[in-house]
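Trainee: The residues making up each chain are set out below.
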Amino acid sequence: MKPSSEWNRERKIKFTLQDPCQIVRKSFGDKIADDLRYAVKACVGEENFVDMTPNKSNNYCCGGGGGFLQSGFKEQRLAYGKIKDDQIKATGADYVIAGCHNCHAQIHELSEHYGSHYPVVHFWTILCLALGILGPNERTYLGDDLKEVNVFHPESAM
Amino acid sequence: MAEGAIKLGGKKKKSTIMEMVKEILPDGGNLNACLTCGACSSGCPATGLEGMDARKFLRMAALGMDEEILKSNWPWMCTMCQRCIYVCPMKIDIPQLIFNIRAMRPRDERPKGILESCNMAMKNDTLSAMGTTEEDFQFVVEDVLGEYQEAQPEFAEMEAPIDKEGAEFFLNQNSREPVTEPDEMVPLWKILHLAGVNWTYGSKGWAGENYCLFIADNENWKKMLEIKTAQVHKLGCKTYLNTE
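Line by line, the protein sequences give chains A and B.
For the first sequence, our numbering begins at 1 and goes up steadily by one.
For the second sequence, our numbering begins at 1001 and goes up steadily by one.
The shape of chain B in the complex, shown without the other chains (with noise of 0.2 angstroms):
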């Protein structure tokens, strides 16, 4: 026999979490009307790292077991992808949830190769989380386009502006190319200079990736999108464009 019952809710733990978990409800959405049905969890590529999968956790969140849920480190395995909530009949956003719980996390305790690259993108206002500065973009894309212009005859014409003023798209471009492999910047400008199309690169803030946002840096994700959406008022540019 049982020394008593168990009983739930005695002591009064404020759970942040659950108030969160609340806030991610949809309008007239009701957590208590969640079936459990594993929708979420069976169509889920992280379901059983760490023994956790997306119904569990948000079991877990609802329990207020706060505690476990900080611990773990499935929060940084989910990708929010949002198929989740995709075939959720109650739509509860359980990747903004994750999000949630990735900021609550200590900064200087998140994953390392994250953070780094955040903090790497905060250093130029390029926003490369490579360091690349404007001189070391603006001599590549040059010197690439040059060799280009020379090799290839039929794109002689072809261009690959940085900062001109008045282009259609403002188009963004990750660190990569520019940095590793060069070559491969080179089949989009030629689509878009066959397309006629009229965009430009910014000497500011023409970097694609956004560590910022993966590392829930609220504070410095704002900062990188001011940085942008200035650029592209300041070029008069009609479209940002976001590659790949």
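Pulled out of the complex, with its shape left as it was, chain A reads as follows (with noise of 0.2 angstroms):
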């Protein structure tokens, strides 16, 4: 089971990453946040990866977490985003990957909101894609460019 990045060679679509609060600073350290980045470079490129700054254990939440996102206080915690989506808007990337539900979620609003309309994916979406296994209905969050890239039984598309 090996991943392959030969997909973004020619594409040199740019990832960025999310670590997220819950696994990196609060549970496993800067090392698991290491074995991340060393799993999604193997499945777009080391080249087409660009980290966030701060990151790992020093990275910001992006207001997703403790509730926030059911609290109602919709217009303070876009507020609170904002500067994750300066973070993201300043690596140039294509893409966020999100390790975790939250995250997806705040950050994919703070993409509509703040207008930059970058796609927010799980990490199982680019993995899968990279090992040649994504099929044509497991792409509802990749981006018009990645949809019909190496799909997997695309006769199977509903």
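To be clear, the hints were calculated from the coordinates, so they are not data collected in a lab.
Glycine included, each C-beta is placed from N, C-alpha and C at the ideal position.
Some hints here could point you the wrong way.
To be verified - Negatives, chain A to chain B, calculated, CB over 10 angstroms:
| # | residue |
| --- | --- |
| 1 | 7 |
| 2 | 71 |
| 3 | 148 |
As the list claims (entries may be wrong) - The list that follows gives simulated cross-link-like pairs (lysine-lysine, BS3-like), each with its CA atoms no further than 25 angstroms apart:
| # | chain 1 | residue 1 | chain 2 | residue 2 |
| --- | --- | --- | --- | --- |
| 4 | B | 1112 | B | 1223 |
| 5 | A | 31 | A | 147 |
| 6 | B | 1222 | A | 26 |
| 7 | B | 1223 | A | 26 |
| 8 | B | 1238 | A | 26 |
| 9 | B | 1234 | B | 1222 |
| 10 | A | 147 | A | 14 |
| 11 | B | 1056 | A | 74 |
| 12 | B | 1022 | A | 26 |
| 13 | A | 12 | A | 26 |
| 14 | A | 82 | B | 1234 |
| 15 | B | 1071 | A | 74 |
| 16 | B | 1112 | A | 56 |
Using the hints, put the two chains back together into the complex; each one sits in its own frame.
Mentor: Rendered as structure tokens:
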């Protein structure tokens, strides 16, 4: 089982990564953040990965955690996330990989709200894409540029 | 001229929050040694919301301004991400203080969205904040699995077991996938299948979300953990795997 970044060799689509506070700073530290980067780079190509600053254990929370997403304080939550959106824009990346469900929902909303419209994807999507086993119906969060790339069993599209 | 010097500490008003602050100081920690350096608030995305920030919040606690603190909605805008304690030279646990203050508000006055999700999770042993039952979860998982086994024959042998005894990993699942976007469960199943991982969902306690923690409802949070651990032990799984 070995992912390949061949699909992105010519395309050169850039990816950045949100370090989830819960998994990195609060649980396993920089070690797991490094592991995550190893896996992401294997899937998208080393040269197509751009880190945010700051990152790993020092990363900023996106604003999706702690119940903020469900608390009803939407305006404040989006204001909280502005620093994250700015960080993402500064990387120049086309895509954000979110390793956490709350981060995914929040950053997806930031991308719409602040108008940059960068797609936000789960890591499982990118890993399956790089393994050549991502079917046509498993691409909800991919942008149009990747909807047709490396499709596994395209005939099963619904 | 002022009529007289302002007397600090003249009124002996007991501050519960100040007592709490003392309790959360790390071993050997001393709140008086806080230089109010502001490392906490300078690197905090919640700084400025509601005119509040972490340093100000801690000073208010230290000054015994319990009433003002309890009135503020700011504790619900801090995500308890722990970046403040990570950079604090005194390792003062502000996120724990935030959690304790959340718990001091009468339960039915806490933010409705989180509260209702916690209440919903407690209705079924699945602990799903979307109210998904054991039967509905089983139906969706089996239905989706069947479709993919057929449409993608390379994965005809792929499994998505529920309550498989002796599985190495007990995997949880956020309710959002089975309820609103079931195809999103599949990529992870494929990865686990190719990696030869022996895993299972649990009919009880499969839901990964935990709103009772966010609403600072310790009693129900404990109940949730008991339901999950009981199922993990019943199946003899070695590792509880929290997906995303």
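Trainee: Against chain B, does residue 71/A hold up as non-interface, every C-beta pair farther apart than 10 angstroms?
Mentor: 4 angstroms, violated
Trainee: Does residue 26/A lie within 25 angstroms of residue 1223/B when you go C-alpha to C-alpha?
Mentor: 23 angstroms, holds
Trainee: With the threshold set at 25 angstroms, check whether the alpha-carbon distance from residue 1022/B to residue 26/A stays at or below it.
Mentor: Holds. Residue 1022/B to residue 26/A sits at ~22 angstroms (cutoff 25 angstroms).
Trainee: Holds or violated: residue 1112/B with residue 1223/B, Cα cutoff 25 angstroms?
Mentor: 20 angstroms, holds
Trainee: Does residue 26/A lie within 25 angstroms of residue 12/A when you go C-alpha to C-alpha?
Mentor: 33 angstroms, violated
Trainee: Going straight from one Cα to the other, do residue 31/A and residue 147/A come out at no more than 25 angstroms?
Mentor: With a Cα-Cα distance of about 32 angstroms, the restraint between residue 31/A and residue 147/A is violated, given a limit of 25 angstroms.
Trainee: For the pair we were handed, residue 1112/B and residue 56/A, check the Cα-Cα distance against 25 angstroms.
Mentor: The hint is violated at about 33 angstroms.
Trainee: Is the hinted pair residue 147/A and residue 14/A satisfied, with a Cα-Cα distance of at most 25 angstroms?
Mentor: Distance of about 16 angstroms is within 25 angstroms: holds.
Trainee: For a C-alpha distance cap of 25 angstroms, please report whether residue 1222/B and residue 26/A respect it.
Mentor: Roughly 20 angstroms separates the two Cα atoms, so the pair holds.
Trainee: At 10 angstroms, judged by beta carbons, does residue 7/A keep clear of chain B as stated?
Mentor: The assertion about residue 7/A holds, with a minimum of 16 angstroms to chain B.
Trainee: Are all C-beta atoms of chain B more than 10 angstroms from that of residue 148/A?
Mentor: About 17 angstroms separates residue 148/A from the closest Cβ of chain B, which puts it past 10 angstroms; holds.
Trainee: For the pair supplied as a hint, residue 1056/B and residue 74/A, is the alpha-carbon distance within the 25 angstroms limit?
Mentor: 23 angstroms, holds
Hint violations for this structure: numbers 2, 5, 13, 14 and 16, all remaining hints satisfied.
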